[in-house]
Each structure stands twice: as structure tokens, then as C-alpha cells.
Amino acid sequence: MMDRRQFMTLASLAGAGALANPQVAGARVTPIATQARIVIVGAGAAGTALANRLVQRLDGAKITIIDPRREHLYQPGLSLVAAGLKPAGYVVSSTADWLPSGVTLIPDAVAAVDPETRKVSTTGGQSVDYDFLVLAPGLVLDHDAIEGFSLDMVGTNGIGALYAGPNYAARTWTAAAAFTETGGKGVFTRPATEMKCAGAPLKHTFLIDDIARRAGNSGKTEIVYAAHNDALFSVPIVSEKVRMLFADRGFATAYSHVLKSVDAEKKIATFTTPNGEQEMDYDYLHVIPPQRAPEFIRQSGLSWADRWTDQGWVEVDMHSLRHRRYPDIFALGDVAGVPKGKTAASVKFQVPVVEDHLVALIDGREGSASYAGYTSCPMITAIGRAMLVEFDYDNNLVPSFPGVIAPLEELWITWLMKSVALKATYNAMLRGRA
Amino acid sequence: MEEMTFGTMIAVAEEMFGRGLFWAMVAVSAIVTLAYIYVLIRDRSVNWRKFLLAQLSMPVGAVAAVVFVQAVTDSSLRDIGGPIDVILLLGIALVGAIGLAIVVYTAQSLIRGKSSVKDGVR
Ligand SMILES: Cc1cc2nc3c(=O)[nH]c(=O)nc-3n(C[C@H](O)[C@H](O)[C@H](O)COP(=O)(O)OP(=O)(O)OC[C@H]3O[C@@H](n4cnc5c(N)ncnc54)[C@H](O)[C@@H]3O)c2cc1C
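Chains as they are written, first to last, in the working numbering: chain A, 183 to 616; chain B, 10 to 131.
No incorrect hints appear here.
A short, non-exhaustive set of chain B residues, derived as facing chain A with CB atoms under 7 Å:
(1) GLU24
(2) ILE89
(3) GLY90
(4) LEU97
No lab work stands behind these hints: they were computed from the structure.
Where a beta carbon is used, it is the ideal one built from N, C-alpha and C, also for glycine.
Please model the complete structure; the sequences and the hints are all you need to start from.
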């Protein structure tokens, strides 16, 4: 839902809109005729958005998208599900429904890429040749890396894990809701690896505290946030702001605490710290596991050899997202080995860059678009308030509405954007229209 | 956001409400606006008695618009965090007030329009 003022503005402009062909955002250009075989691995946020844009730009290209998952997940909604604000179904739609006609969907998982012979093979035994390959398989949540933890624990014994998917997010709310009523010690963690939406662990902390507070139970709860290093967020100015908010809310922070194992029976979490292992008891524990590139990326020799060696992100140029060793391969979204940008908002900025370079290559030119690391995270700080944190590779704040929406202020308007406009913008992006 | 073009805004609005509902809402507001212009031209002046009732409905429209937006977004007045929020709140209230006033004025004119012209009230 949008507010009525925006609606009225739109309504009053609607006459003009009928004339000004509201087809696709940006200029409509004549499609380029080509026989190129383009394979996209993954039909999540990035793969789907790119497919929808490429069909507008290319005429006759053979585009194949490979993804075993029937459901498309609107992952930013998981934070709302895990706070009881939306049902699990809010994040689920059908993968095939978002794809344009003229694109072939192979419902199978990629098992390997041979970048020398330009061939992709699937676990089902299919083999697909490509001229250009776009890797967009997202990332893998490595729950097994946390000793003693398994996903069937989620929702019971005070354990939550909202990243694991819509049903786990709903079960996380079961456990978190109990904590907001009975109180005790809530311990909120994040992994030491790169992760998607680094604001999400903070949002969950703020939301669960706010819900306990509204229920009049803040006196009974103790909130501990376990940071993986000595900061609360990778962008220093944001980290400082969060530190102040934590102080305001009365949260304790355990710096350089990385979750290593869980004893669900005894309700004890063990952390790796610079001073050796440390135990912490809890009544509610939120687990976000280490995150890595899918195995086939590493096995196929597409990862960086000297960076993120335990995580395996694709070795791409940080501005063109083109593979540094295989010029006919690009990576998009969470799997890309770039210093920032594991959010859907980044995908929105990355997709036009890859589109530009790919279309230019097919046309025999060099692309010129460049990705500057734009990442955004509507950081919810309470039900009804959020901060619109947007930044780039250089840790600069890059506000979309400078002078209007202050990035480091807890605002209602930002909450409205997160709760009503974000999913619509995401969906428009999937369709290649935003 | 990268490209805040008009086309993007339409696309986002369509996703928000669903394509059918969005364009139905655009159509309804266009019809109400046209009906309002129609009665203004037909009566050739503002009928101040009808305008009074329309004015009285404005606070109702203002409050209703704010309550509606808050209800669908799990928020409340205590979430107002800065000047932009106050401006937004006033904007929503203003749109609700003006919107309802136009609806009330137009409805009265369409329903009882002719009789009041005959009464010579104008
Ligand atoms: C809790 C949470 C909150 C978030 N909040 C926000 C937010 O507020 N704002 C924001 O911008 N972003 C947010 N994000 C991040 C955002 O959802 C992701 O960054 C985005 O979805 C990345 O898009 P992607 O296409 O790279 O990966 P995905 O959308 O995850 O899609 C990857 C696809 O690849 C497929 N795949 C995987 N392996 C294979 C294989 N071997 N072969 C073929 N296909 C494969 C998968 O099935 C999947 O469909 C959040 C994420 C989470 C988990």
C-alpha cells in the first residue's frame, strides 16, 4: 500500500501516463538480433530480474535459466515473519510466474561448470552449452557449521533461525514470542563470514526487544548482541549510530563473539573469542549460520583463490561484475565476490550493469556501466520506525532522498517504505521494470 | 533508488495493489474528479451550503486517512520520528480531507443538484 498522497499524485498524473507508454523504466531501445546462448544459473532476485531485462534487449537469443526451486522467496520479508507481523506465505511465490515467455526454465540444480568448454551440467544429468554464463545462485546457509545445532530445533527450546526460510522464520517467531512474554536472556548472533543483509540480525534484535517492551516485559528481558568483530556494522558511521541506539535500548554487546556450538538441552551457547572459547547461557538464541558460495562454484574453479578462501565467492571485477579469468562469465547477487552488496537493493543496481556489458559484448562493443557497491538496508529499529541506510564500496552514505529522508534517523516514513513499498519495488525489479 | 522514473512509479504502484485494483482506483478517482468538475461547470459557481457540509466532512476525512494508513502499516502516532514524518502525516490528512470533501460536495450536487438550483440558492 502507498499513502494516499502518493496515490493522488499518481492519479493526477495518470492522464499523462496513458500517453507516456508506462512500459519499461528507462528508454526502450531496438532489440539486438543475435543467436547467442545465454545461461543464467539461479532464478532468484538477480537471475529473474536479468532474464526479464534481457528479453527486452535481445531478439533471438536462446536464454536458459536453471533453478531447482519451485518457490520464489522474497527474503526481505523473513524479518517481518519472524516478528509475527506477516504470515509465512507473505514471502512465497512461484518461480515460474516471474519468468518471461521465450526463456527456458530447467528445474534442476547446477552441479558443475566447465568454463573451458563452456558447458554447464546439472545434477539431473543434463548438459547445457553456453556462449555467455551468468552466475546468480545466491548463497548457501551452512547450518551444519554450528556444532550441536540442527534446523529441527528451530521454534523449540528458545531457538530461532529466521534466515532458513519462511517456515523457519514463522517458527522463529514462536520461540521469540515466548521470550517476549516470559523474559530472560536473549542472545542474538551473526556469522563471521560475509552475509546477506547484514542489517537483518540487528533488525531482529530491535524488533523482539520492541515487542517485549510493548507487552510491558522489558524489565524481565536482557538483550545481548554478539558481534563477530569489534563493530556492529561494516560501515563505521552506521556502526556508531547502532551503538548509540543499543545504549538507548539498554542492550549489552559481546564484541568478537562468533557462535561455535549450541547445547540446546542446557541452553548454553559457546562462542569463539580472542580469549578462547566462552560460554553464555540463554533463554532465546537467534542463530544465523556462516554463509558461502554454493559448492559447484568452488569445485568449478570460479572462486577467488586468495580472498574469502573459506567462502568461495566468484572472482569478478567489482565494477563490471565480469569474471576476471573467464570474460564470458558474470556473477550477480549474493554469489558475487565483491566487498559489499549482498542485498536485493544491490541486485537492483547490479542487474543493469551486467545487462549493459552482456548486450554490448553481443553487439561487439565494450560495456560502460559500473557498479559502485550500492547496498541498502532499511534498518528497522522498532515496529513503526526504521533507518534508510544506503552506502557504497567506500563506506560513504549514498541517500536516495538527500535532505528529505535522513539516513541515520529513526523515521516512520522509512518504516512505511520497508513495510509497504519494498516488496512492490522488489516485484517490479523482478519483472525488469525497476 | 537508481531510476525513479514515472514508469518505475507506475510499476511499483501496480505491484502494490495488483494491476486491476490499481487502475480501478485510478479510474474511480478520475471519475470523481470529472464529476466534480462537471457539477462546478453545470452550476457555474460553488454552492456555499453544499460547500459547508463538505467542509464539515474534512476532519473526518483527515482522521480516516491517517487511521487507515496506520492500520495497514502496524504503526501509530508515537512512531513520528522527524520533520519529514510530520509533513507526511499532514499530507496524508490533507489528502483525506480534500478527497472526502470533494466526494461529499459532488455527491450532494449530483443527488440534489437540480432542486437547489430551482430554489435559487446558488
Ligand atoms: C532475513 C533476510 C533479510 C533480508 N533483508 C533484506 C532487505 O531488507 N533489503 C534487501 O535489499 N535485501 C535483503 N535481503 C537480501 C536479499 O534477499 C538477497 O540479497 C537477494 O535475494 C539476493 O538475490 P540472489 O538472486 O543473489 O539470490 P536468491 O534470491 O537467494 O536466489 C538464488 C537462486 O538460485 C537458486 N540456486 C541455488 N543453487 C543453485 C544451483 N546449484 N543451481 C541452480 N540454481 C540454484 C536458488 O534456488 C535461488 O532461487 C535479506 C535476506 C535475508 C535472508
